[in-house]
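Below are the chains, spelled out letter by letter.
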Amino acid sequence: DAGVIQSPRHEVTEMGQEVTLRCKPISGHNSLFWYRQTMMRGLELLIYFNNNVPIDDSGMPEDRFSAKMPNASFSTLKIQPSEPRDSAVYFCASSPEGSNQPQHFGDGTRLSIL
Amino acid sequence: QQQVKQSPQSLIVQKGGISIINCAYENTAFDYFPWYQQFPGKGPALLIAIRPDVSEKKEGRFTISFNKSAKQFSLHIMDSQPGDSATYFCAASMGDDKIIFGKGTRLHILP
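Top to bottom, those sequences are chains A and B. According to the numbering used here, the first sequence is numbered sequentially starting from 4. According to the numbering used here, the second sequence is numbered sequentially starting from 63.
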């Protein structure tokens with residue numbers, strides 16, 4: 004079982020640049036989640052998809068953030084333009100069909116905006 | 063209403079001791095309460111979970127105690143080991159896909 008795969012693991016870029024984070028969920032899982040983790044705010048849900056459809060994007064902080072899931076095996080989180088306050092660890096998670104299913108997290112992307 | 067409040071923020075316990083992390087919630091519609099464990103450089107992983115129709119669930123050295131009337135639940139780690147050092151998140155769900163996480167507790171077990 005490959006688990007949730009995120010890329011890149013680390014990203015350092017300058018303020019104003021576009022950042023794209025990628026996620027491959029576990030095969031067969033039909034829900035996908037994007038989280039942001041910081042010391043100050045903990046683990047925040049940004050957006051989640053069910054069967055490739057965005058269900059709840061109320062956690063997306065600003066219009067600079069966008070997420071897509073073009074198919075069941077791939078999702079992206081894009082920040083454009085990036086700002087230093089976007090620096091955080093971004094996690095992708097997936098879960099199978101059914102209520103109260105465990106979420107399986109990737110190892111995250113550590114993003115630093117200079 | 064949607065929050066899950068977790069305490070303490072950090073905890074230091076001697077090897078062999080009992081680690082206790084507490085959580086409280088307001089929304090009585092929550093019906094599933096998982097705990098996640100996160101090691102440095104890794105994503106959180108499900109550790110143990112409970113539903114409100116039971117007051118306690120035990121898996122090895124890990125026990126969840128649940129008090130429905132007080133809207134509180136806690137994680138007890140018996141015989142704490144250095145390998146238990148991690149960040150622990152309590153969480154709550156209403157039976158849909160979305161999980162509300164607490165802010166986390168950084169646990170350090172002294173060797």
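Don't take each hint at face value.
[To be verified] Interface residues of chain A toward chain B, partial, derived using beta-carbon atoms under 8 Å: (1) 21; (2) 22; (3) 23; (4) 30; (5) 34; (6) 51; (7) 54; (8) 87; (9) 90; (10) 94; (11) 98; (12) 99; (13) 109; (14) 110; (15) 111.
[As the list claims (entries may be wrong)] Below, simulated BS3-like cross-link-like pairs (lysine-lysine); rule was C-alpha separation at most 27 Å, straight line: (16) B:104 / A:27; (17) B:120 / A:81; (18) B:133 / B:104; (19) B:67 / A:81.
To be clear, the hints were calculated from the coordinates, so they are not data collected in a lab. Glycine included, every Cβ here is placed at the ideal spot set by N, Cα and C.
Verification of the supplied hints:
| no. | hint | verdict |
| --- | --- | --- |
| 1 | 21 | 24 Å, violated |
| 2 | 22 | 19 Å, violated |
| 3 | 23 | 19 Å, violated |
| 4 | 30 | 18 Å, violated |
| 5 | 34 | 5 Å, holds |
| 6 | 51 | 6 Å, holds |
| 7 | 54 | 11 Å, violated |
| 8 | 87 | 22 Å, violated |
| 9 | 90 | 17 Å, violated |
| 10 | 94 | 5 Å, holds |
| 11 | 98 | 6 Å, holds |
| 12 | 99 | 10 Å, violated |
| 13 | 109 | 5 Å, holds |
| 14 | 110 | 6 Å, holds |
| 15 | 111 | 6 Å, holds |
| 16 | B:104 / A:27 | 16 Å, holds |
| 17 | B:120 / A:81 | 41 Å, violated |
| 18 | B:133 / B:104 | 30 Å, violated |
| 19 | B:67 / A:81 | 30 Å, violated |
Hints 1, 2, 3, 4, 7, 8, 9, 12, 17, 18 and 19 from the earlier list are contradicted by this structure; the remaining hints agree with it.
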